[in-house]
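Got chain A sorted already, so can you dock chains B, C and D onto it with the hints?
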Amino acid sequence: MNAVFYMASAVAVLTTLLAITRREAVHALLYLIVSLLAVALVFFTLGAPLIAALEVIVYAGAIVILFIFVVMLLNLGNAARTQERVWLPKGAWRAPGALALLLGGLLLYVLKQESRWMPVDRVVDVKEVARALFGPYVLAVEIASVLLLAGLIGAYYLVWRGPIRRPGRRD
Amino acid sequence: MYELLWLVPALPCAGFLILALFGDRLPRRAAPFIGAGSVGFSALVSFLIAYRFFTAPPEGEHFSQVLWTWMNVEGFTCQFSLYLDALSLVMCLVVTGVGFLIHVYSAEYMIDDESYAKFFAYMNLFVAAMLMLVLGENMVLLYLGWEGVGLCSFLLIGFWYKNPANGRAAMKAFLTTRIGDTFMAIGLFLLFVQLGTLDIQEMMQRASQQWAVGSGVAVAAALLILGGAVGKSGQLPLQVWLPDAMAGPTPVSALIHAATMVTAGVYLIARTHVIFELAPSAQFLVAVVGAATLLLAGFAALAQRDIKRVLAYSTISQIGYMFLAMGVGAYAAGIFHLVTHAFFKALLFMASGAVIVALHHEQDMFKMGGLRKKLPVVFWTFLIGSMSLASLPIISSGFYSKDLILWSAFASEKGSKALWFAGFAGAFVTGIYTFRMVIMTFFGEEKTHVHVKPGWVMCLPLVILAICSTFGGLMEIPSSIYHFPLFTHFMESALPAAPIPHEGLEHAELMLQVIAVIAVLCGLSIAVVAFGVKPQIARAVVATPFGAKMRDLLFAGWGFDWLYDKILIQPFLRTARFNKDDFVDLIWNGIAALSRGVHSLLSETETGHVRWYAATLSVGALLALAIVVLL
Amino acid sequence: MMLICIVLIPLLAGVIAWAIGRQNPGAARWVCLLACAIDLVILLTLWNNQAAMAAFAAGGPWLMQVNVPWVPALGISFHLALDGLSLLMLILSAFLGIVSVGCSWTEIKERVGFFHFNLMWVLAGIMGVFLAMDLFLFYCFWELMLVPMYFLIVIWGHENRIYAAVKFFIFTQFSGLLMLLAILALYFLHGHATGTYTFDYDLLLGTKLGSGAAKWIMLGFFAAFAVKLPAFPVHNWLPDAHTEAPTAGSVILAGLLLKTGAYGLMRFVVPLFPQAAIDFTPVAMTLAVIGIIYGAVLSFAQTDLKRLVAYSSVSHMGFVLLGVFAWNRIALQGAVMQMICHGLGTGALFMMVGAIQERIHTRNIEKMGGFWEVAPRMGAIAMFFAMASLGLPGIGNFIAEFLVLLGSYQANATMTSIASLGLVLGSIYSLWIVQRVFHGARENQAKLPDFARREIALFASLIIALVGLGFFPQPIFKTADPALSKLQQLAVAGQGAVQVSEAKHSGGNS
Amino acid sequence: MASVPMEHALVLAAVLFALGLAGLLVRRNIIFMLMCLEIMFNAAGLAFVAAGARWAQADGQVMFMMILTVAAAEVAVGLALLLGFYHHFKTLDADAAEGMRG
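Residue numbers (my numbering), protein chains in the order written: chain A, 1 to 171; chain B, 1 to 631; chain C, 1 to 510; chain D, 1 to 102.
No lab work stands behind these hints: they were computed from the structure.
Check before you lean on any hint, since a few could be wrong.
To be verified - Pairs of lysine-lysine residues, derived as BS3-like cross-links and limited to a Cα-Cα distance of at most 30 Å, are as follows:
{"hint": "1", "chain 1": "B", "residue 1": "534", "chain 2": "B", "residue 2": "549"}
{"hint": "2", "chain 1": "B", "residue 1": "534", "chain 2": "B", "residue 2": "374"}
{"hint": "3", "chain 1": "B", "residue 1": "534", "chain 2": "B", "residue 2": "373"}
{"hint": "4", "chain 1": "C", "residue 1": "367", "chain 2": "B", "residue 2": "566"}
{"hint": "5", "chain 1": "B", "residue 1": "367", "chain 2": "B", "residue 2": "453"}
{"hint": "6", "chain 1": "B", "residue 1": "447", "chain 2": "B", "residue 2": "162"}
{"hint": "7", "chain 1": "B", "residue 1": "580", "chain 2": "B", "residue 2": "162"}
{"hint": "8", "chain 1": "A", "residue 1": "90", "chain 2": "D", "residue 2": "90"}
{"hint": "9", "chain 1": "B", "residue 1": "453", "chain 2": "B", "residue 2": "374"}
{"hint": "10", "chain 1": "C", "residue 1": "447", "chain 2": "C", "residue 2": "367"}
{"hint": "11", "chain 1": "C", "residue 1": "486", "chain 2": "C", "residue 2": "208"}
{"hint": "12", "chain 1": "C", "residue 1": "367", "chain 2": "B", "residue 2": "580"}
{"hint": "13", "chain 1": "C", "residue 1": "447", "chain 2": "B", "residue 2": "162"}
{"hint": "14", "chain 1": "B", "residue 1": "373", "chain 2": "B", "residue 2": "447"}
{"hint": "15", "chain 1": "B", "residue 1": "162", "chain 2": "C", "residue 2": "367"}
Isolated chain A (complex conformation):
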């Protein structure tokens, strides 16, 4: 199982790296799917099968598909690809890369300070999660539902091009 974890981790890092560097959106999304699947595997090795499933269903299944839909909607062609070349010269990576490296390094440094090698060896199954979710966290669940509703309405409103008269403005 350890080996699975490390291999999955390696795959996740690699594909994420590839995903953020692609010029073509669809390529990047495909790499992203792989990355997410790898992370789902990591969840599984960490003893969280429910989360692993959710990762696959929601992230890889729903969110990324949403992205793909949008890419399709926009119908970006060759122009976008050449555009991307202009937007992404080699030098563009320097500063952000350094910044990210610094942040990552700092995080790793923190981990090294605290390192005590705590093993993870127990599965927390669906039942336990469900108990927590509908026990102490029930309010959070409700809030999350409201959040989703707000997201829904917001998204709907933002893309709707119907005959809306903007309120609060006199002519």
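Relative to chain A, chains B, C and D alone:
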């Protein structure tokens, strides 16, 4: 009878109110009746009170009438109250009497003016204020009148407001006197703090009890009061406004700038003589100021072209005599000269006004001449006035009063030969400029055609005043001629008696009179010769370089205007203009500019690029983390 | 209850005016006029109540007061109280309220309802300031009068109004915040020392403070009041705000807003921090004298007529500052008188400028001249107010300036002598107005109708008031006297307390 | 059950987060920026799950589900905004919207 005292100032005040509020709605003919009438009734009341004062003097020879409590705060009380004694009675009579005649005169003089009612309104207000000045029981009330007459002077000098020069003259007059007034106000504060009251009689009493002769406070107070007096009375160094004040209508010059207001300084010193007695050095300064002024102004009068400016300088000079009298402690003599001066100077102004009107508002003497035949009444009255001004012996009132002053300057303890000589020299100069004026105006050939002849309304006051200036002096006849000190005797209840002459000077008086008379006659003959018989003499004198320069200097009134312009007015104007935009604003706007600079610096970081925001966000997170972890 | 009404009436009138202003501007004006008139009547009735006045003069705490807990947990109460000083200021406010509604009758044509709303709310704020005896409430009113004033300038002002309004707002707001800090410091120090945390004026009086703390807290108050007054060198907001504000705004600013500063000095600064105030006196008097002279010189230099009048306010209010810090009865009475007379006189001058501007559409003095010829009534009235401005005896201003100088001469002769120069400089700019605008040859050929009946009535009421005060100032003195006497006693008592505590302190040490 | 140390999982989370950040900062295309945001969300969730697993508690997973919710809502709104953005600016360049420039 005395209870009617309040009517004396109230009547002109009522006249002012009626004319000011309804002046433009009343028929034009009503204005002089209200204007002169109110003053006339006021004069009548004054005369009745005066009669009563002679026949049945009030207890203590003074009478005070409290009208209402003006101010009463803890530590300071001030009544709105009138005070009548011999001094204020005399002033009252002069103000209302001469004032009435001048009002009558103006009824014709101003008849063509569009603001006929306004003129009488201002004149009435002036009379009311002047009466408050002389009747006020305390210094605050006196100050009320003091400033009130200043206001009226301002209004009336600038009466013909369309000419900006008149406005400037008015402003100059007000501001110059205001400088003096401010000294006086500080004097009042000092007196109040030291003596705890501003009631004049109370104040004088306490001063004489609390202060030693020559004490610093007394000198300071006296000097500050002198500052006020000097400003109002056009004495050195604040005399510059008076010649310019002639921009006003001639009746105004007669009433305000000759007979009454300008003598307020003399009245003030007489009123507060106790303080001056306590401050001998200040009193000596009064005499010196008077002597210097009478000489400087007398010489300046020699070179003037404008007939009214000659009279203005002669007024300054004559008030110099009064100051001289005050300075040597001959208060009654000074007041006596004030009275006679009011007669003859009002007469001279009004007569010159008649000339000016007759010549269609021509004031330049060089364009006059030969009016003796054309305007006989004016000529004779002007001549009588001139004789008084030059103090020709026996037949003029000016002789008696000026003689008394000269004698006091010579003989009193505070007097000295130098002061007498100044007065004597002044008399000589007076003789010259007076008859220069008479000769240039009424003799010689006619240069300007006579336009209108004065009617009886203008002539009557002239005649009355001519009589007064001839016989007014008989109130006081010197002992060398016939001992009859009616006036000084009457004043004794209010003012200390004239200083006792030194022993062994009994015969000196007559001798001095003779010398003075000779001087005056010399002056007269010089004038007759140089300006009448042989005008080329005067011309020759002026033609020399020194003479020309001298004439210019005298014409400009010794250059005081120039001096003040250089050392006071220009610096003030320059400072004001320089700092017009208020340099303090620079500081505040500087702070604003600084914060605006910092703002624009910071707003450079607001690029509007969302990635830049994300980057700065993560830098911030990085820093926060680093601080937590590494420290 | 009456006191709440006094503040409430203008507030309500403002709301009503706003509500009906769009349909019927005339009704909005009448509502506001009526509200001010009702206030004035109420106040005059109070003034006329001899029994209450006598009781107060005999040593009663207040003429009238309302004290309701507001936020008891923090020691905040709704405490309004009236004494002679406040009463006079309130009468002045109501009177000038009428005048300012009257003078904007034809000037304001846009958004009439909202204009009157702001006007009434400023007025209510000012009245509240004069009444509030709870420091928190006082601060609330202090801010209440600020915001509508800002709107008055920024909406109905002249060319450069935004700059002026922002400047006004920043100056007053910043100094107001300093005062808030001082109030809180006082609150906490008092609470810490006594255990009762309160904002109540009566209770805070006599708080024992260390001299350092007292000094700083006093300065916090002083800053706010000095800006409002305005004292040199924080006067710069005033010329701009006055110049750009609509006429009614200028009248309220000059007539009332400035008085809140003076009132605050009398009511709070000296009684709360007597010793600190005494230590501060030389500085304050110097500022006052500089203000008198500086304002007068600058006033003369201006070419904008309204700015000229505005700088004259700086000069005149210097006398108030001088009088307050001289802190004897004569000077204080003079200062109260000056507050009233300056309110009336300068308000009238601003109305005059407003009227001229309405007619010839400029305030530039160089484009004026010879107006007397066509508008003699205007000229005569201007002459009167110029004379009031230079302190001519017989007009209330003279009484005020004379008493201030008389009183402060006792406190500091040198300063007073220098301040007296202000009398001369004051006459320069006052006469300059008359000389430049009304005398001389006709400069501006624009049509210049003389004052109509409405304007005559307004000015006549002001003239009558000023002349009345000039000859019969005694009622004012009588009304203010018990209040001033109490304030003086408080100051003396507080000063004594400080001295005693300091003596104890040093005694304990030795 | 293997015993993966929690720290290693956290290291993975940190690396993924840093990669996401780098991508976010460097890409101008809004689609990529949104993708990178998702990566970062995911990394954060991973950290929660790892920590939860260490203590054998369900709370970590619950938190992940919350994050998931937020991420879902975010991507919905974000993509809607993206569409609107593209409609308005005719480009996907994030730098095109600089109306907030100071």
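For this structure, which hints from the list above don't hold up?
none
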